[in-house]
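The sequence shown begins at 143 in my numbering and counts up by one.
Just so you know, the hints here were simulated from the structure itself, not pulled from any lab data. It is possible that part of the hints are untrue.
[Said to hold, decoys possible] DEER-style ranges, computed between Cβ atoms:
1. R167 / G276: 19 to 25 Å
2. E153 / L249: 26 to 32 Å
3. M143 / F171: 17 to 23 Å
4. R167 / Q260: 44 to 50 Å
5. E154 / K275: 25 to 31 Å
6. S284 / S250: 32 to 38 Å
7. P247 / L304: 20 to 26 Å
8. N144 / L249: 20 to 26 Å
Built from N, CA and C at the ideal position, the CB exists for glycine as well.
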Amino acid sequence: MNLERLLGRSEELHDALADAIDGARPYDFRWSVAQRACAVAWDHATGVRLAIAHQLLTPAIGLLRLQYEAFTRAAWLGYAASDSDLALISAPLSEEAAEAAEGVPTLSKMVAQLGKTQAPGAQSAHQMLSSFKGPNWGVLNSYVHAGIHPLAVVAGEFPVRLAADILRLSNGLEVGNGMVAAVSSGDRIRIGAVRALQHRFLDCCPDVIRPEESP
143 MNLERLLGRS
153 EELHDALADA
163 IDGARPYDFR
173 WSVAQRACAV
183 AWDHATGVRL
193 AIAHQLLTPA
203 IGLLRLQYEA
213 FTRAAWLGYA
223 ASDSDLALIS
233 APLSEEAAEA
243 AEGVPTLSKM
253 VAQLGKTQAP
263 GAQSAHQMLS
273 SFKGPNWGVL
283 NSYVHAGIHP
293 LAVVAGEFPV
303 RLAADILRLS
313 NGLEVGNGMV
323 AAVSSGDRIR
333 IGAVRALQHR
343 FLDCCPDVIR
353 PEESP
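Kindly produce the complete structure, drawing on both the sequences and the hints.
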């Protein structure tokens, strides 16, 4: 699949997920906070597509890392965050609240906590996030910090294959994010709709990010 076609399929996936979760109302406060984090990840995914469409690979990869972090937080908030952490991260914005929120677990600890949570959806999210981070984190850090990877790319032609890989990774995270947004409503119909999209759009998602479980 060429990059233009992949971008088109990615837009189709985005629109289908939007339809599946449109109007989803969180069934409790915890999931309302998780849903807000889903919205942040959603915006980053849109940014990834726009950047790649304009052949801006370095910003796209930076946004992919932000998308991963926002989705991690969304899943953690819904499935694994303690009541005290939830209170810290959802407090009204102030200088004191921002300082206190620095005490929430690191990204790695959030992923680890998801792995220790028994809910089926938490295990699926943990598997997805772990599979993503292992082979990709070093490259993401390199792009964010102007390391060897982006400096090498700047010197050559636009790397279409790498751009396609980044787009597929973003799509996979967006499917996972859509599942968390659907779960936030407790609506089995929405959850089933997102699960169906996982199979419908396998052609534009990576093999390692195909969540099959949900609560």
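| message | Assuming the hint says 26 to 32 Å, is it satisfied by the Cβ distance from E153 to L249 or not? | response | holds (28 Å)
| field | Verdict for E154, K275 (Cβ pair) under range 25 to 31 Å | value | holds (27 Å)
| Does the Cβ pair S284, S250 satisfy 32 to 38 Å? | Because 18 Å falls outside the window, the suggested range is violated.
| F171 and M143 - C-beta distance against the hinted 17 to 23 Å | Hint violated: Cβ distance 42 Å, outside 17 to 23 Å.
| request: Given the range 20 to 26 Å, decide if the beta-carbon distance of P247 to L304 lies inside it. | output: At 31 Å between Cβs, range violated.
| task | May I ask you to test the hint 20 to 26 Å on the CB atoms belonging to N144 and L249? | result | violated (34 Å)
| C-beta pair R167, G276: status relative to the range 19 to 25 Å that was hinted | For G276 against R167, whose Cβ atoms are near 35 Å apart, the range 19 to 25 Å is violated.
| field | Outcome for the supplied range 44 to 50 Å, where the beta carbon pair is R167 and Q260 | value | Taking Cβ atoms as reference, R167 and Q260 lie about 25 Å apart, which means the hint is violated.
Violated hints for the displayed structure, listed by number in ascending order: 1, 3, 4, 6, 7, 8.
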